[in-house]
Amino acid sequence: MSKGTVHALCGENGAGKSTLMKILYGMQQPDEGTITIDGEQAVLHNPADAIARGIGMVHQHFMLADNLTVLENVVLGAEKLYGIGGKARAKIKEISDAYGLNVRPDVLVEELGVADRQRVEILKVLYRGARTLILDEPTAVLVPQEVDALFDNLRELKAEGLTVIFISHKLGEVLSVADEITVIRRGTTVGTAEPASTTPRQLAEMMVGSELPTPVTEESTVTDVPMLTIEGLHLAQTDLDGIERVVLDEISFTIHKGEILGIAGVEGNGQSELVEAIMGMRHPDAGTITLDGTDISQSATRDRREAGIGYIPEDRHRHGLLLEAPLWENRILGHVTEKPNSRGALLDTKGARADTERIVRSYDVRTPGIDVTAASLSGGNQQKLIVGREMSHDPKLLIAAHPTRGVDVGAQAAIWDHIREARREGLAVLLISADLDELIGLSDTLRVMYRGRLVADADPATITPEELGSAMTGAATGHLEHAEDDAR
Amino acid sequence: MNKLTSRIDKERLLLGIAAPLLAIVAALVITALVILATGKNPGPAFSDMLNYGFASDSQVYILNKATTYYLAGVSVAIGFRMNLFNIGVDGQYRLAAFFAAVLGGALTLPGWLSVLLILICAMATGAVWAAIAGVLKVTRGVSEVISTIMLNSIATAVIAYLLQPGKLAQLQQGGTVVATKPLPSASHFFNIDTGPSGELWGFIVIAALVGIAYWFVLGRTRFGYDLRTVGQSESAAAASGVSVKKMVATSMIISGAVAGLIGMPTLLNDSYQYSADFPTGIGFTGIAIALLGRNNPIGIALGALLWGFLERTTNHLEFQGYDKEILGVIQGVIVLCVVIAYEVVRRYGLKRQQQRVGAELAAQVAAAPMKKQEVA
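Residue numbers (the working numbering), protein chains in the order written: chain A, 1 to 488; chain B, 1001 to 1376.
No wet-lab data here; the hints were simulated from the structure. It is possible that some hints are incorrect.
[As the list claims (entries may be wrong)] Not everything, but these chain A residues come out facing chain B in the computed CB check (under 10 Å):
id, residue
1, 225
2, 234
3, 323
4, 334
5, 342
6, 349
7, 358
8, 369
9, 373
10, 476
C-beta atoms are modelled at their ideal positions from N, C-alpha and C, and glycine is treated no differently.
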């Protein structure tokens, strides 16, 4: 790749994008092959080497200290460069102005939104003298408007002669920002593409090596039998400073059998808390939760699961897997009281193992066997295992939080298919996703969540991602597009 | 595919054995250096340890010691599997042994019944003492490390107070020893006579049963699965429907109940009374042994045997002109080395497996295009 360009890297999950980036950033050593930077062969033993060579990485998950200011965060660990005082501040100002980053050095990071934090991360990397930036799925957490702003920043960087390596699953974005695209599949480069002459479809087919799916809902399967009814859910939290914060405010909705209710919203607006309240992991202050006619507001998590709630958690490492346990033990997780995992009080290892084999086969989990630890699978394959596990117990209600996050296009289609198929048989789904195309494509009903409230609803048949995006930032409320009565 | 998984398993086993082996070798080297530094030759010391350690009377002694240590190791390991550090095993077993001895001395029931009651009393006392720490942790968030250390001191004080003539103890052996009333001989546990080598404590059977129960409950039951889940990831456990708090309290209580058994081999097979010279500090030995045995029931057994062996043989070294403090050095170094070696091996193993999975998947991909050609 050449100077002053934005180079996009696309590929299925487990294709080797992350590994390649880790090698570039010195976190992993290649067995063979060379890296050449500025005509000079480089051997990168650790991130410090990479930084010295002018390579900087912005991780998908931000690495910022919330209780420090922007200035302190940027300077942290790089005190030797420009000190921690006025000189550092001047340098930050200079970088910020040069690339149009608009960073205010004295604000606490905890007061910043996601997009601002990302700019701080980029600034941090530039401050350390990076000439090549690696951005790992930078748009995953942004709404469309913020994505546009980020792309403007990237163009600024490019204009200043910096090189940007951009990793993403979202093909439309890749095409709009990249000058050159490299597609890798299963560890090798399968081709390069010119964005000007490529459609997202062609690109995706290159990635998967086959036809591309789209999340299109078929004929409606919505019935008028309520499966999950939430009424007046309220949850307040007291933070460390003793300030009470309302996390969930008067949440009410009903999901019917065969219906997918999608909740849009920028992360951190109460979606996680809502999911955890329905799962019984958090105890709301008020409100009732009714599943299939039974009040489960006071039930324990295990009872709720046994009553037929399937759960695809948003953070699979924290809530969905035992990373150091083998796959077949992970298959038991959350369903230890159910068949085929146990008989009475005893585990049925044989049954669980056989069923794990089945899940691995029918959900295309790519693994050499069921005795390897969950940690050794790639993210997408871990997700497929979780989806397979949750769908194997014929749930009445599926709570799917970002079900296809970090999953490649091929697996994404398979997961959508599984959800749709179950929906036909009367499954109710609560879908929470940052992927607006997924939300619009799958949902029968859409709600927008903002600061703990359901502020807007929309018809997925007519709404566009941009319109949804503006509601997600709180700019629009009520029923979007149509002037019908408000369902709230 | 099967071949590969079995290979990974074999490798895991190899790695599992590598760590303690590595630690023991490192400990031997360091010990040799220490002996050299005291101006003596380590060679004869080690050969004397080997010779003496494998004499038949030593073997009986080691097995008897190991019985106690094994129970201590299992008790600590139950906590470890839950990510709980039960330092209080020491106080729990001493208090349990004391009250069991008091009860045993007072009972005049048929032998088997009173043995049973003594065991129940011991386990209940240990469980209650551990439950204090467990309840404090789940209700008030008190670290079990702190509370169990405190409870150890309190246990010491309670025993010292009650172990006085006129309280729960009496003067014995012509007024030289303060002890609880001795158990009637009907309440003694059976010994296995091995002839001139001495008597093997029958309690070893109970220890083995505890080991089997430990393996079975953790590995084969729903309860054990829940317990391990909490130990591996509290957040995942909560999401999967385990009540983490209840589990913390329960496992602390079970750990304490097993701790209650630690003093029983000594009480029922050897001393038959609780006096001021009842063995102390075994709870801490249990921590070392659980670490050494990787919380694995067989591993703990090997660790307990090793500890017994070291104690027996280093005692004998004194007669050969070596310093008996060598024991402490070896034990300390082994524990240190074990902790380091496990972490190193664990990380290496995880990385290695990730690489293997990657390699295997790459191999599948390499094979895939060929298949396509065949179809075409």
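A quick look at each hint next to the structure:
1. 225: 26 Å, violated
2. 234: Interface hint status for residue 234 of chain A: violated (22 Å vs cutoff 10 Å).
3. 323: 7 Å, holds
4. 334: 4 Å, holds
5. 342: Result: holds, 5 Å to nearest chain B Cβ.
6. 349: Cβ of residue 349 of chain A sits 7 Å from chain B, so the hint holds.
7. 358: This hint is violated: residue 358 of chain A lies away from chain B, its Cβ roughly 15 Å from the closest one there, beyond 10 Å.
8. 369: 3 Å, holds
9. 373: 6 Å, holds
10. 476: 34 Å, violated
This entry does not satisfy hints 1, 2, 7, 10, going by the numbered hints stated previously.
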